[in-house]
Amino acid sequence: MAAILSTVPDPGPPPPPAPAPAVDLRADFAASGLPEIFDELDREMVGLAPIKRRLREIAALLLVDRARQRFGLAVGAPTLHMSFTGNPGTGKTTLALKMAAILHRLGYVRRGHLVTVTRDDLVGQYIGHTAPKTKEVLKRAAGGVLFIDEAYYLYRPENERDYGQEAIEILLQVMENQRDDLVVILAGYADRMERFFQANPGFRSRVAHHIDFPDYGEGELLDIGERQLAAMNYRLSPRARTVFAQYIALRRGQSHFANGRSVRNALDRARLRQASRLFQREDGPLSVDDLTVIEAEDILASRVFAATAATEEAAP
Amino acid sequence: MRITQGTFSFLPDLTDEQITAQVQYCIDQGWAVNIEFTDDPHPRNTYWDMWGLPMFEVRDAAGVMVELAACRKVYGDRYIRLSGFDASHGWESVRLSFIVNRPANEPGFALERQESEGRNVRYTTRAYAAQLPEGERYS
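Protein sequences appear in the order of chains A and B.
Numbering of the first sequence is given in my numbering, commencing with residue 7 and proceeding in unit increments.
Numbering of the second sequence is given in my numbering, commencing with residue -10 and proceeding in unit increments.
So here's chain B without its partners, still in its complex pose (with noise of 0.2 Å):
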């Protein structure tokens, strides 16, 4: 099953140049661009790990393409997501956030039913992957 979220959730997976391109964009709004990686693909899961510090001071794209390629060669078999933070007074948020990376194969989730009192049914969604402990997922 094919994860998606963030900004380009609906279409296909972006090519490197493409991303290029929106970094750029990110840069020339003047926000800081933060690579971050997780193997959790719960979509509830928000505690994504951080890949080095955001990049404030870059000025061009070819330098966060060299930390993704960086990001890539350990946690290539992760999920990566590229997001860009707007630092300025009344933002002070993400702005834009799309994934750039993803593992092999994607299980995807179990649908999980609890019956609680009367006839209700509470749902729970589990990441087939997320049985293994971290690290272990997609290797």
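Looking at chain A on its own, in the form it has when it is part of the complex (with noise of 0.2 Å):
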């Protein structure tokens, strides 16, 4: 009860803020708690330079920005909608977590929590469906981050009739209007975003931060791979690894290849494949180490291997 009493009283006007002589940007930054969340994203996603430079430098001009308020410098209210373009798999989503809480600990979301939703959650199936749909969706990411996954399904040119505009215009409206309340990130594949963008020129004047995310190289999947396996405790067997460095090169050449997703399937059916082998096996009871490893076998077994070695055949 106590808690609820003490916000009831008008408390006045806040007392002004006694004048700083000066700022430091160092220890505003420690203090903000972000150079955890770099550490964690530094130490968690592997490559992605490009993308850690920018959050770096919208974290500092988060800093700035906020240091000049407290000068009493005027600063109107950023605009922190982004767009995330890139290949499936290359860790949009999981940067848009880290955005969240970036942004919160920055003290530009409230909450600092993601909702992340798709066409589906946002357009209805009937007329008059769509805003309490599209409402009810934003009215939960209110003091938070709003991803809107594969976002380009929102406008369907091929179909007049779409509700998708009307989910479009209600965005646009929210976006321009409660830009304390919520930061929206869009996200898809590049091109299909740049066609969105183009048809809804609305959409890229009020998104300031267009974000690309590039494909990984073959080292840094197989970096991707080990941590995850790792994260699961498993390991490769020295020449698993080689095996696996030579999956990753072939599977990048075929077609649906999602990056880290594709790394992450390869390796579950790994798993699947050293259970069964360690299932058949007949001698004695089973070392931790037999647990733990995955061996060149294990991988070798892959449908990938197989199809490239009947090309070869096929080929002479």
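Hints in this document: simulated from the structure, not taken from any laboratory.
Treat the hints with caution; some may be incorrect.
What the hints assert, rightly or not - Here are some of the chain A residues that sit facing chain B, going by a computed Cβ distance under 7 Å:
no., residue
1, ARG116
2, ARG117
3, HIS119
4, ARG146
5, GLY149
6, ASP187
Glycine included, C-beta positions come from ideal geometry on N, C-alpha and C.
Hey, can you piece these two chains together into the complex? The hints should help.
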């Protein structure tokens, strides 16, 4: 009850902040708790150097803005809406989570939670269904970050009665009028997002930061795979590591390659094969090593190698 | 006659800023915030109409304030109250409720005396506003 009552009486205008003679940005940075987040980012996410640089730039801008505010220098509320473009599996969603944490530490969103939605969550199925649905989502995301995955599906030019347009209009309005309540992040493939922005110029002008996610290199993918395995208490035998590097090189050339996600799926299948290999083994009890090491044969059994072998046989 | 009821009945009407703080308190306690409205001011009227559904998933008061603004736009001439519903086991009831909107003109109540057997008198309060049909009372 005390907590309730203490918020009720009007405290009157807050005392004017004492004019600080100087601002120590380093101390500000350390106090904001951002270093931990950036360390976490460097530790957990492989590669993505341009993105990490961009995030630091945004954080620096927001810190400087805050410092300017303290001196009473005019600062317009910054537009923080972003668009993440890149191929599948390049870490867009993971980074959106980090972004929410960063903005929360800097005080630009009040709660710092991430609400992930797709077209289904925003667009209704009949007339009059879309607006309440979209508003419901916006209400849930208030004070946090709204992440719209595959945002270009909102706009379907081939169907002029599509309700996506209605959702877009509500979104645009909220992105403009409630900038201090929520941050919207749009994500999707680069080329289709480009077309989406061309068709909806309102979005392009309201999105301040366009961040492009590059594909991972082969070395980075191998690194990602090993980290994923380590998180699950597995490891690759030295020979399996070379084979897995070959696997990645081959898999990248094939269609439907989804970067980090493909690596994860391949490792899931390797674990499956390891399990059945251990199950079928006849000799004695298993050691901890047996249970944690993934051998080359677990990876070599993949269809990817079979397909290449087949084409090589067919070629000559 | 200024009608009061609920948690802050002894205080002047809350400002939007204060309402936001209260709503955030409810959300932080894990209570679902509801918006209700009525034009029957009788204190024994427990059947207020709900504006939308209870907001179980909202994490920030701004989401509730948007709905409150929408409700005021439509029913700004009626009483609107907010309540915080605690769904946790053992409570399952409203923990906090307060009026956030009232009609510009509140005519108050008439006290009616009914003479019954002997020298007994029964008392009834009747809202002047409630003499008109619902929807026309404060417009």
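Hint check: 7 Å Cβ-Cβ cutoff, A/HIS119 to chain B: holds (6 Å)
Hint check: 7 Å Cβ-Cβ cutoff, A/ARG146 to chain B: holds (5 Å)
Restraint outcome when A/ARG116 is required to lie within 7 Å of chain B by C-beta distance: This hint holds: A/ARG116 lies near chain B, its Cβ roughly 6 Å from the closest one there, short of 7 Å.
Interface hint outcome for A/ASP187 [beta carbon to chain B under 7 Å]: holds (4 Å)
Proposed interface contact between A/ARG117 and chain B, which counts if any beta carbon pair is under 7 Å: holds (5 Å)
Hint status (Cβ of A/GLY149 to nearest Cβ of chain B, threshold 7 Å): holds (3 Å)
Of the hints listed earlier, there is not a single one the structure fails to meet.
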